[in-house]
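Chemist: Spelled out from the first residue to the last, the chains are:
Number of protein chains: 2
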Amino acid sequence: MTRQTSSTRGLSRRSIIAAPVGVAFLAMAARTGFAQSDPLPSWNDGATKKSILDFVARVTTQGGSDFVPVAERIATFDNDGTLWCEQPMYFQALFAMDRVKAIAPQHPEWKDKEPFKALLSGDMKAVAAAGEKGLVAFVAATHSGMSVDDFHRIVLAWLDTARHPRFQRPYTSLVYQPMLELLTYLRANNFKTFIVSGGGIDFMRPWTEKVYGIPPEQVVGSSGVTKFEMGADGKPVLMKTAEVEFVDDGPGKPVGINRFIGRRPIFAFGNSDGDLEMLQWTAAGAGARFMGIVHHTDAEREYAYDRQSHVGRLDKALDEGLRRGWTFADMKRDWRVIFPTTSATSGAAKP
Amino acid sequence: MTRQTSSTRGLSRRSIIAAPVGVAFLAMAARTGFAQSDPLPSWNDGATKKSILDFVARVTTQGGSDFVPVAERIATFDNDGTLWCEQPMYFQALFAMDRVKAIAPQHPEWKDKEPFKALLSGDMKAVAAAGEKGLVAFVAATHSGMSVDDFHRIVLAWLDTARHPRFQRPYTSLVYQPMLELLTYLRANNFKTFIVSGGGIDFMRPWTEKVYGIPPEQVVGSSGVTKFEMGADGKPVLMKTAEVEFVDDGPGKPVGINRFIGRRPIFAFGNSDGDLEMLQWTAAGAGARFMGIVHHTDAEREYAYDRQSHVGRLDKALDEGLRRGWTFADMKRDWRVIFPTTSATSGAAKP
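Chains as they are written, first to last, in this note's numbering: chain A, 1 to 351; chain B, 1 to 351.
Hints in this document: simulated from the structure, not taken from any laboratory. Please note that the accuracy of each hint is not assured.
Below, computed lysine-lysine pairings styled on BS3-like, alpha-carbon distance capped at 27 Å [unchecked claim]:
1. 101/B with 133/B
2. 227/A with 192/B
3. 125/B with 111/B
4. 101/B with 111/B
5. 101/B with 227/A
6. 101/A with 117/A
7. 101/A with 125/A
8. 316/B with 192/A
9. 50/B with 227/B
10. 133/A with 227/B
11. 133/B with 316/A
12. 192/A with 101/B
13. 50/A with 316/A
14. 235/B with 316/A
15. 192/B with 192/A
Hey, can you work out the whole structure from these sequences and the hints?
Modeler: Next comes the structure, spelled out in structure tokens:
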């Protein structure tokens, strides 16, 4: 990787690596605090990368008019479609369907009950026709009736063996390398990074620390009601029920942010209309703000979709983001690589 | 303060302060990593203090059989009666009643409606008779119908002027000095400290960072439903409604811990039966565990109450704690001082 930062972008690469000039420049830059290797090497140089680097520089420059104290450097990220892939459908939906198949032997009644019947007989057209309602049924049936600890193990076991239908890689290796770098870069600048996802909180927490460096207590998501029960052995357990507790999507995202974090983010990144209210809530605070949207424009390396997509539709937020000058990470234009090439994130995290 | 640590407790004070021996000892202790001034100076020496120091030493000793990685050093504290005073009644209840009086002019209908009528006419016997149901009415009426930001300001304004009826001090100065030291000590040992309180999350968050060093995102509490609304000016607001969302008390505490933190604590401190399930949940994990209970035994300096108290009843948890050998912080016996003598925590935090 060549050594380039926002402050060096005006110089040609040759001038940077020409030893005497380069060394002198770096020494000077080190004194002024600007010298470092590119913190976002997977982002192509351009307006998007510059807007990120500029924002972070502004809010972290002591004495500057946009300086933000460390405690208030809250950054929130959607997960599906923002930190990892969400096609051909949400990975949690694929998990739920795999689980339906896995536990079908304990549910003989499913053979005659839709949408289970369709899924078990391989009628994917009927499954698709059942839409979100069908999906909710799969999730309810597979995300309840066990302890939180058991569910944690089930998720990790699935991630260990399941492979993405197109890429044939573990799902946790289909995270976006540029976003991993962004998370690391923000944390290096004393941001606290949070996930704020419509996905299930219990589905994400088992692996977010290993894959994203985001610990469970910084994951906000949708949840079902959990019940405290005293086991016959005198050991308490937390049991997952099928009752919905909280949907962390759309207007639920600012609500979830307020409930879990209790501070307004100064930096938020999403990719769909489900993130619009989180971006609006972030934008409405005082002082410097960063609102980012991942735009899936790369059918070759990943997927291309926005206004018409059944998953991760980006329509209203696309209009509002364009109108208000939010930052778009255009996958094809801005991302040098999409997925990590190393095996660092492949396979599932161990508990 | 004399320099004493768990490792020096066997020595007489004189031997510590006798210069040559003391200096040599401290130098040696520094090399072995044990040297520091007493981290808990407001705790009297004895079994309680020793159990805290021993536990922290065990879980932080690299290579020891009880070593716990930093990420898993989760400590949860009840608030009312554990970190600050809760008599003659929960401070949040006093806040709600003050607010009823303050906004009564906007509610002429309260003059003829109980329990408001009783409170506004000063009939405290009738207020007491209305019990918890009356209190819920006061809270519902005063904790809803405004934005989260406005409520934040209302709480801070009240804390700025309100004084405790007996001690005539700001409520935020009626925190327990020994517990402040314990929080600091745990954080110095890379614990992440959380509040897990039956109190309202929006009532605590405006001041916990300044008073306890616990940021809003590490406060778990009871909450009402909050609604995202787009204002006429195009600015989004989060409005507090009177609908109960979550009661973080009793069996709700492990549920709240799981939902907000997503890890089981290894260290928990409470003071009443409302903390029993949190303590049981903490105790049921694998590895070293610390379960602590503040026992209010000091009517002179604070209050003395347990099994019969209408606030902070300690009955079942007292029995279970005694039977299972949990640690009791006996206020009279274990605490050298109760409240901070400095003005560091007096007055309310500014937003």
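Chemist: Please go over all the hints and tell whether each is borne out by the structure.
Modeler: Cross-check of the supplied hints:
| no. | hint | result |
| --- | --- | --- |
| 1 | 101/B with 133/B | holds, 18 Å |
| 2 | 227/A with 192/B | holds, 25 Å |
| 3 | 125/B with 111/B | holds, 17 Å |
| 4 | 101/B with 111/B | holds, 11 Å |
| 5 | 101/B with 227/A | violated, 38 Å |
| 6 | 101/A with 117/A | holds, 10 Å |
| 7 | 101/A with 125/A | holds, 17 Å |
| 8 | 316/B with 192/A | violated, 40 Å |
| 9 | 50/B with 227/B | violated, 47 Å |
| 10 | 133/A with 227/B | holds, 25 Å |
| 11 | 133/B with 316/A | violated, 45 Å |
| 12 | 192/A with 101/B | violated, 40 Å |
| 13 | 50/A with 316/A | holds, 25 Å |
| 14 | 235/B with 316/A | holds, 17 Å |
| 15 | 192/B with 192/A | holds, 14 Å |
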